[in-house]
Amino acid sequence: MSATAPAPVEGGPGAPAVAAGGDETLQDYARRWWAGVKAGELGSLPIVVGLIIIAIIFQAKNDNFLTAGNFVNLIVQAAAITTIGMGIVFVLLLGEIDLSVGFVSGVAGVVTALLTLPDNSNVFAAGPTMVIVLLVGLGIGTLHGLIITKVGIPSFVVTLAGLLGWNGVVLLLIGDRGTVIIQNDFFVGFANDFLSDAASWIVAIAGIALYAAMLFWQRIQRARHGLPSAPDSLLILRVAGLAIAVLAVVYVCNQDRGIPYVMLMLAGVFIFWTYVLNRTKFGRHIYAVGGNAEAARRAGISVDNIRIACFAICSMMAALGGIVLASRLRSVDTGAGGGSILLYAIAAPVIGGTSLFGGRGTIKSAVLGALVIASIDNGLGLLGLSAGTKFVITAGVLLLAVTVDSIARKGRESAGRA
Amino acid sequence: MSNKDPILELRGVSKSFGAVQALYKVDFHVAPGEVMALVGDNGAGKSTLIKSIAGIHTIDEGEILFDGQPVTIHGPKDAAKLGIEVVYQDLALCDNLDVVQNMFLGREELSSLRRLDETTMERRASDTLASLSVTTIRSVRQTVAGLSGGQRQSVAVAKAVMWNSKVVILDEPTAALGVAQTRQVLDLVKRLGEQGLAVVLISHNLHDIFEVADSITVLRLGQNVAEYKRADVTQTQVVEAITAGKLSKVPGVQDEVIA
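Line order of the protein sequences matches chains A and B. Take 64 as the starting number for the first sequence in my numbering and just add one per residue. Take 749 as the starting number for the second sequence in my numbering and just add one per residue.
I should point out that these hints are in silico values taken from the structure, not numbers from a laboratory. A few of these clues could be false.
[Stated by the list, open to error] Straight-line C-alpha distance at most 25 angstroms; calculated DMTMM-like pairs for lysine to aspartate or glutamate:
| hint | chain 1 | residue 1 | chain 2 | residue 2 |
| --- | --- | --- | --- | --- |
| 1 | A | Lys344 | B | Glu857 |
| 2 | A | Lys344 | B | Asp875 |
| 3 | B | Lys829 | A | Asp367 |
| 4 | B | Lys799 | B | Glu809 |
[To be verified] Examples of chain A residues lying across from chain B (beta carbon under 7 angstroms, computed):
| hint | residue |
| --- | --- |
| 5 | Leu290 |
| 6 | Pro291 |
| 7 | Ser292 |
| 8 | Lys344 |
| 9 | Ala351 |
| 10 | Ala358 |
| 11 | Arg423 |
For glycine and all other residues, C-beta sits at the position ideal for the given N, C-alpha and C.
The whole structure should be built from the sequences, with the hints applied where relevant.
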């Protein structure tokens, strides 16, 4: 519940429930967390273990894998599918799917390139372009959502049509240009420039301080209402865990080119959506609709509006991902948004533990899943293996992740925690 | 047993769906602190009656009085505004949400910056459960999926009574529950009455009804055929009324003179 940052110390989904009575010790907490894990509440545990295994294997095969330079590359490579995957989380939470995100990101990339093209009669500045492109994404998603809810066509079919249709729009927009080079400084720098060392330290420390302040504020609030709180030692452990992780990332990146701007964007978007899902009425209603749409309807929630909003958010995040992708490649061509982007973007949250059946999932899952996919992609690339091998291995990891989830679900069911 | 004026009263309520007369001139009432059982065979019109009260169906004829005043109920929101809450048989809980989240679903408390006010909600949820003496739920932060049938029923009831409700309608609350869990729920129903709420209890289980109800209304084929004080009646009499109660109008015979 209280997670707004991927602190490695909190393994279970949501803070473990506190029994009535006095405050508990850290040992009680650890014991209950472990009991939860055994009962199938795995949380991020499998994926963290998986990432460590991946790192060890690739490092053993090629000692360029765990270098600062490659780490920075990895983040930039993972950025687009992370962004699109975060949007996918919203539709997966409803138990729906969006197959169009790949080419929606392509449309966004092409629109970005065309709006900022110097030989165009109306050259847009970076800010307005960004706003227009995100609104285009929002509009596309709203259109999908309206067809799905008001006409009553399954999202699979609507977004399958979208997959084809938006691919067509990409081709139409590119026309006979073939490739459009991005020349706007902001969009070139978005995924290719880096924060200065000092700036990244300041941002990191400010972030950690905010996280700590938030946890302590919650602690004070709960105490004021006479509710039991997690032990202080756990609080400190969480802050310390986040601090070590963040500072380590900043330190490693600063050994090389530094923190990419796109990573700052990812962190901001991650915190924002996690906040929306966990701390706002809207987010609560998304989980409710995904868990039991009928119950949500009876509780007075407009199920249709929630669904439309989720598809709109999904496409808007796809558009943002399209900007990232176009920026990284510094150009768009007729293949924009194609290839493995769609499948990787959907696989990321699923590998990260978001359920395909709705109601269960986090924004964090998209980040962790994308990290796994990008690591495999990157590592196999370092080993000089072909695209075919990459796909086969990524497919294996996806299957493994879904298998772990499915076994964990059975564990939860037999433990009555389904 | 209460001799107070009814808080909710239905007079001559009729409702038909096309050619099917689901309710015919039904009178029904329940007073604060009274547990009124509503019994009848399948198709007797129990569901239609409570759905009319809850605002899911609009009535064709007759009037609904709340606190002595005629009211029209056009939807579940109108019913909730009056203080009428229905706990449906399928409970309508989200398995993936915890107890607090379910109890406040759709009516979340907000603090500054449109944030969910989790601490206030948790406090109120705990207090409501405590006031109903629901002690079997270990933590209000566990997901509903992990609760037993009786615990889920308790959560659904607590959700209904939390909003200053005056009338709580329970649809088959003990169906599909084991002995111990039925016990929990029946105790809960009694406590609701003791706390001054008007409780409408729909059940097929006469044993349960004779244990907690103050009064019993029997529906048969859309008409009310009998109303008893529990103390004045035996289970056999009630069964007779359910299966062979005297009808004022025989369904299908249109121009029968009404007795």
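To see whether the hints hold, each was checked on the structure:
1. Lys344/A <-> Glu857/B: 9 angstroms, holds
2. Lys344/A <-> Asp875/B: 22 angstroms, holds
3. Lys829/B <-> Asp367/A: 23 angstroms, holds
4. Lys799/B <-> Glu809/B: Given that 25 angstroms is the threshold and the Cα spacing comes to 15 angstroms, the pair holds.
5. Leu290: With a minimum Cβ separation of about 6 angstroms from chain B (threshold 7 angstroms), the hint on Leu290/A holds.
6. Pro291: 9 angstroms, violated
7. Ser292: Hint violated; Ser292/A Cβ to chain B Cβ min 10 angstroms, cut 7 angstroms.
8. Lys344: The hint holds - Lys344/A has a Cβ within 7 angstroms of chain B, the shortest such distance being about 5 angstroms.
9. Ala351: With a minimum Cβ separation of about 5 angstroms from chain B (threshold 7 angstroms), the hint on Ala351/A holds.
10. Ala358: 4 angstroms, holds
11. Arg423: Interface hint status for Arg423/A: holds (6 angstroms vs cutoff 7 angstroms).
Hint compliance for this structure: hints 6, 7 are broken, all remaining hints hold.
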